[in-house]
Amino acid sequence: AQKITQTQPGMFVQEKEAVTLDCTYDTSDPSYGLFWYKQPSSGEMIFLIYQGSYDQQNATEGRYSLNFQKARKSANLVISASQLGDSAMYFCAMRDRGAAGNKLTFGGGTRVLVKP
Amino acid sequence: DTEVTQTPKHLVMGMTNKKSLKCEQHMGHRAMYWYKQKAKKPPELMFVYSYEKLSINESVPSRFSPECPNSSLLNLHLHALQPEDSALYLCASSQERGQGAPSYEQYFGPGTRLTVT
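Residue numbers (my numbering), protein chains in the order written: chain D, 18 to 133; chain C, 15 to 131.
Isolated chain D, as found in the complex (with noise of 0.2 Å):
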């Protein structure tokens, strides 16, 4: 069965500041997907970024960057010159491509405040 861990359940920076969201993950399949989903207050869930376990350089979409090390089954979110905006629940998670099809399985999240 596979297993997603985020270990910090919240987080505070200070705006401008880059923040490093922890993310380990267990699976005995090769193939996989990570990703990171932001979650506003207002309930969205926004995709962010994603890291394929064959993917030989590690993700970057604008200010996220994944720092993917799959010897240590880690998949770290880099979020840099935070803003307020970036105030929100962050969840990683990683797809099961099963025969019956995809299955994204969620870790608990943790809650990042970006201070003025």
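Derived from the structure by calculation, the hints contain no laboratory data.
Careful, some of the hints might be misleading.
Under the rule of at most 20 Å between Cα atoms (straight-line distance), these lysine to aspartate or glutamate pairs were calculated in the EDC-like manner [stated by the list, open to error]: (1) K90(D) with D103(D); (2) K52(C) with E110(C); (3) K67(C) with D113(D); (4) K54(C) with D72(D); (5) K36(C) with E34(D); (6) K55(C) with D46(D); (7) K120(D) with E72(C); (8) K20(D) with E66(C); (9) K20(D) with E72(C); (10) K50(C) with D113(D); (11) K32(C) with E17(C); (12) K87(D) with D46(D); (13) K20(D) with E61(D); (14) K120(D) with E98(C); (15) K20(D) with E119(C); (16) K23(C) with E72(C); (17) K132(D) with E34(D); (18) K23(C) with E34(D); (19) K54(C) with D113(D); (20) K120(D) with E119(C); (21) K52(C) with E61(D); (22) K54(C) with D103(D); (23) K90(D) with E66(C); (24) K20(D) with E81(C); (25) K50(C) with E61(D); (26) K32(C) with E119(C); (27) K20(D) with E110(C); (28) K55(C) with E34(D).
Covered stretches of chain D (in silico footprint by chain C; criterion: 3 or more residues with CB under 8 Å from a CB of chain C, positions within the stretch not fixed) [unchecked claim]: (29) 53-62; (30) 74-87.
Now the in silico label distances, taken between C-beta atoms and shown as ranges [as the list claims (entries may be wrong)]: (31) S91(D) with P116(C): 17 to 25 Å; (32) Q86(D) with P116(C): 36 to 44 Å; (33) Q96(C) with N84(D): 25 to 33 Å; (34) Q25(D) with K32(C): 37 to 45 Å.
Where is the CB? At the ideal position from N, CA and C, for every residue including glycine.
Given chain D, put chain C in place with the hints provided.
Below, chain C without anything else, positioned relative to chain D:
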């Protein structure tokens, strides 16, 4: 356009009511999902539709009945719910096998906040 829409935004229903949640996407995605999310918890998968056929049911009680009338629409019919079913219900969609992108990232709607009284 990566928009998934859900209606209604809020719903209050009694335990004897019948109501439906609606979800729509126009991204050409052939996989659609229902999730349930309790406060301060991650979303939990309920159902997956692949090419308009139910492919995954995560042992959801029969008082929740999903329906996929066409490739753009997904409904969740609710009947005889319990107060513990109060939660945020999220719909999502993604590409499916045969549609190209290997990432299959899921795009979520804003959710329906359901309160069962």
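Quick rundown of the hints versus the structure:
no. : hint                            : verdict
1   : K90(D) with D103(D)             : violated (26 Å)
2   : K52(C) with E110(C)             : violated (27 Å)
3   : K67(C) with D113(D)             : holds (19 Å)
4   : K54(C) with D72(D)              : violated (32 Å)
5   : K36(C) with E34(D)              : violated (40 Å)
6   : K55(C) with D46(D)              : violated (25 Å)
7   : K120(D) with E72(C)             : holds (10 Å)
8   : K20(D) with E66(C)              : violated (29 Å)
9   : K20(D) with E72(C)              : holds (17 Å)
10  : K50(C) with D113(D)             : holds (18 Å)
11  : K32(C) with E17(C)              : violated (27 Å)
12  : K87(D) with D46(D)              : holds (13 Å)
13  : K20(D) with E61(D)              : violated (23 Å)
14  : K120(D) with E98(C)             : violated (24 Å)
15  : K20(D) with E119(C)             : holds (18 Å)
16  : K23(C) with E72(C)              : violated (24 Å)
17  : K132(D) with E34(D)             : holds (10 Å)
18  : K23(C) with E34(D)              : violated (35 Å)
19  : K54(C) with D113(D)             : violated (23 Å)
20  : K120(D) with E119(C)            : holds (11 Å)
21  : K52(C) with E61(D)              : holds (14 Å)
22  : K54(C) with D103(D)             : holds (18 Å)
23  : K90(D) with E66(C)              : violated (35 Å)
24  : K20(D) with E81(C)              : violated (29 Å)
25  : K50(C) with E61(D)              : holds (13 Å)
26  : K32(C) with E119(C)             : violated (32 Å)
27  : K20(D) with E110(C)             : violated (23 Å)
28  : K55(C) with E34(D)              : violated (27 Å)
29  : 53-62                           : holds (count 5)
30  : 74-87                           : violated (count 0)
31  : S91(D) with P116(C): 17 to 25 Å : holds (21 Å)
32  : Q86(D) with P116(C): 36 to 44 Å : violated (21 Å)
33  : Q96(C) with N84(D): 25 to 33 Å  : violated (42 Å)
34  : Q25(D) with K32(C): 37 to 45 Å  : holds (42 Å)
Going down the numbered hints, you'll see the structure goes against 1, 2, 4, 5, 6, 8, 11, 13, 14, 16, 18, 19, 23, 24, 26, 27, 28, 30, 32 and 33, while the others check out.
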